[in-house]
Amino acid sequence: MADTLRIEVPAGNGRDLPGPVEQPVLLVEGLVVEHRDGTTGRIFRAVDGVSLRVAAGESTAIVGESGSGKTTLAMAATGLGPRSGGHIELLGRSLERLSRRALRRLRPEVQIVFQDPHGSLDARQSVRSGLRELRRLQPERTAWIDDAALLERVRLSADLLDRYPHQLSGGQAQRVCIARALLMRPRLIVADEPTSGLDVSVQADVLKLLREVRQTTGAALLMISHDLAVVRSVCQTVHVMRRGRVVESGPCETVFTDPAHEYTRELLAAMPGARWRARR
Amino acid sequence: MRTLHLRRTALRLLVLLASTFIALTTAFALGRLSGDPTVNILGPTAPPEQREALRHELGLDRPPLTQYLDYFRSVFTGDFGDSLQFYQSNTTLILERLPYTLQLVAAGMTIAVLIGVPLGVLAATREGTWWDRAASTLALLGQSVPVFWLGMMLVALFAVKLGWLPAGQSGTPRHLILPAVTMSLYPMAHIARLTRASMSEALAEPFIDSARARGLSTAGVVWRHAFKNALMPVLTIVILQTGILMSGAVAIEYVYSWPGLGQLALQAVQFRDYPLVQAIVVFGALTFVVLNLLVDVIHSIVDPRVR
Amino acid sequence: MSRLDVKPAVKEPQAPRRATGGGRRTRRARTSVFWLSVPLAAIAALVFILPVTGLLPDGGQNLSQTRLPPAFLAGGTWDHPLGTDKRGQDVLTELVTSGRVTILIGLVGALVAIGPGVLIGMLAGYLRGWVDRVISIFIDAQLALPFILIALAIISNRGSSLPVLFSVLALTGWAACARVTRSATRTIREQQFILALRAAGASETRIIFRHVLPNLAGTVVALGTLQIGTAILIESALSFLGLGVVPPTTSWGSMLASGQDELGQAWWIAFFPGLAITVLVLLVNLLGDALLTHYDPRKRRR
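Protein chains in written order, with the working numbering: chain A, 98 to 377; chain B, 10 to 316; chain C, 1486 to 1787.
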């Protein structure tokens, strides 16, 4: 993992030049996130020395049960959450060295889709005005498509443009969130439990959409989930997390059919209706 | 674990001290720095020499920092100088009148709790019914009424018209009734609302359902589990309100000619007795700080989660 | 004297999510807001328009008609529907004239408290960390000082006047406003859409002004409404004690003061202003409560 060619893109020109193909979109080395427990005062490590790498266009998942540190990891890796130690490179730029403004300029490249679609949208803004605001933030970057066509891409009717979040169903709202992410033409999409808040019937559609988006835009996808079935249908590689540490990594097929670690096997066993062969 | 507890207690103490400090400094700033009191005391036409003499007597011609330090020194020693009006030590005056105000506050608070808490509990257990809405509206009314007006109306009715109770002054326990009842209204309303809200939340907790499922009667559940949990914020408010009552006493003591601190404060202001007013203000501020400290201490004892 | 203590003191995080609670209460709140605004607007209109219409009895002194009882009692006349005072002045007219003062002071008094209060509370709630801690200490210290002490401190120095009155209202009111705003800001800030906006590249300034503030607006309006009630009560108390408005200006509070001497002979002089205060403050409080429920940031519906 340490053999990757690390190329530092010069900062300050406002536009991120596409890096060479070998450069990973996200590089995490020895990330540690410490958290002080409010009641006991003890320091506990939500993320305890995690390293991983997301290549350009790759689709990776981080799985684990709740509390394993997956979301903390993703937030820290994208500069949205606290970090206590370790090295992170986002699109070739090391986070430690980035100023807040520079980090903000990087943001369009990294878009996040959250678990709670209604919670991710400002209840006071219609879909249209929300998109307008995004366009104002990044006028050139978002000029490539208009609102109606954008909604069409996520298979929503343009009638929804004037609706407010509470007038949308869960599935519709999540698609709007994906549309908003898509608008920015990101190189990395982080999806944190994107389907967990949705009805089962809608989940498959949203997942299909995520797959499509990835295929048509070439963006990398980092999905966080506790649901192995979901992960399997979308991702190429997977990292299994437990209590802040990655216990197993590898291509999805391999990990799922021939898990190396005890814990992975437990997770798979807990999956309803899973078909897998255990090989000792 | 022990050190953590100590550390948190120390931190809270520090915060408390800081609050005290700020409260007293605010009182100081408002009292001294908002203008020249001699203008108010002597009137705008007084000759400058007279004014200078007064400023010197009041210690206002000294540099602000010295005044500030003297101010805090007087807080510690309890010596607040002499009243311009009564030619007595301010501290003596305050301590003389204090028992009367305490009497009033204690009586008022007792009534407020004895009626307010049950009202709140009743409203919570009958949530959504007209009982609840009536109680809530009444409580809201209690917080909307100008208390001194109510006092006056009570006097007009019970003392003047009906002659059942005395109209003012202190003396016999009968003299205490009307003022105490008047005093109790606002905190009663507040306590009732708070008890209701608190009980309502406690009753909604899942462990209530599980207790019911285990076969405990509703009354048993209500009293043993919900009530205890609901009590904490109510206790807090009772203590804090006592402090607020002490100052609300001003208007009520005025209406009933009750010889307490409030009346003293009013007289002092009307006579432009600057030192006395300042002394009372400091006293009041300190009272609050002590009460807040009490609340914190009780919190840490009663609330098992904090321990 | 602030009723705003009720909500924060009970429990900071989520209210219990009961099946029937949310929808019905909100709908009821919305209708209440409507039905309360009407009488309030009516009162305001009456108080400001009536004097101009000439429908009111003469306002001057009339020594031949002192201490007349209200019209519906024995000895009263409809020329003076609410009676007259010891100098023959018509109570109704005085009520309306003083009402303007009371209402105006209430409105301005609420504004001077909300202005700084909301700003400070928002800063504390949004920035968190040490800024929040320091501000919270100030808020607690301020809440420890009841209005009467503040009033006494300032008045003993400067005497009573309108600026002093407004200073007292501002100094008393800002802390409660700050506390409520702070907790509302915290709630909003923790909602995911803020994080989503940050992830989309919005700057903190933009987030504060275009997203946090508009979401706070409802709470601020509710706060303001409640603060009007508080301001009126404080002003009335101070004017009653002779520490508020300065003659010849009269407010309902100062009417109460002049009514106090006449309790035995002409109780109506004190009765009506006090009743007016009660009704107005009650309506305002009901409205404010309904608004608070309606705009609670914990339930994100428009």
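In case anyone wonders, no lab produced these hints; they're calculated from the structure.
Accuracy of the hints is not assured; some may be wrong.
Stated by the list, open to error - Pairs of lysine to aspartate or glutamate residues, derived as EDC-like cross-links and limited to a Cα-Cα distance of at most 20 Å, are as follows:
1. B/Lys170 with C/Glu1675
2. A/Lys305 with A/Glu345
3. B/Lys170 with C/Glu1747
4. A/Lys305 with A/Asp259
5. A/Lys305 with A/Glu290
6. B/Lys237 with B/Asp305
As the list claims (entries may be wrong) - Okay, the calculated bits of chain B under chain C, using three or more residues with CB under 8 Å as the criterion:
7. 31 to 41
8. 291 to 304
Said to hold, decoys possible - Sample of chain C residues at the chain B side, in silico, Cβ under 8 Å:
9. Leu1548
10. Ile1622
11. Asp1625
None of these values were measured; they are calculated from a predicted model.
For each residue, glycine too, the CB sits at the ideal point set by N, CA and C.
Okay, the hints, checked on the actual structure:
Distance restraint check for lysine 170 of chain B and glutamate 1675 of chain C: the Cα-Cα separation of roughly 59 Å exceeds the 20 Å cut-off, and the hinted pair is therefore not satisfied. Simply put, lysine 305 of chain A and glutamate 345 of chain A have alpha-carbon atoms about 26 Å apart, too far for the 20 Å limit, and the pair is violated. Distance restraint check for lysine 170 of chain B and glutamate 1747 of chain C: the Cα-Cα separation of roughly 13 Å lies within the 20 Å cut-off, and the hinted pair is therefore satisfied. Between lysine 305 of chain A and aspartate 259 of chain A the alpha-carbon distance is near 25 Å, which puts this suggested pair outside the 20 Å criterion.
Taking the CA atoms of lysine 305 of chain A and glutamate 290 of chain A, the gap is near 15 Å; set against the 20 Å cutoff, the hint holds. A distance of roughly 18 Å separates the Cα atoms of lysine 237 of chain B and aspartate 305 of chain B; the hinted pair therefore holds under the 20 Å criterion. Residues of the stretch 31 to 41 of chain B with a Cβ under 8 Å from some Cβ of chain C number 7, which satisfies the need for three, so the listed coverage holds. Taking a C-beta to C-beta cut-off of 8 Å, the stretch 291 to 304 of chain B contributes 5 residues in contact with chain C, enough for the three needed, and the coverage statement holds.
Annotation: interface hint on leucine 1548 of chain C violated; nearest CB of chain B at approximately 24 Å, more than 8 Å. Among the interface hints, the one on isoleucine 1622 of chain C holds; its C-beta lies about 5 Å from the nearest C-beta in chain B, closer than the 8 Å criterion. Using the Cβ-Cβ criterion of 8 Å, the hint placing aspartate 1625 of chain C at the interface with chain B is satisfied: the shortest such distance is roughly 5 Å.
Checked against the numbered hints above, the structure violates hints 1, 2, 4 and 9; every other hint is satisfied.
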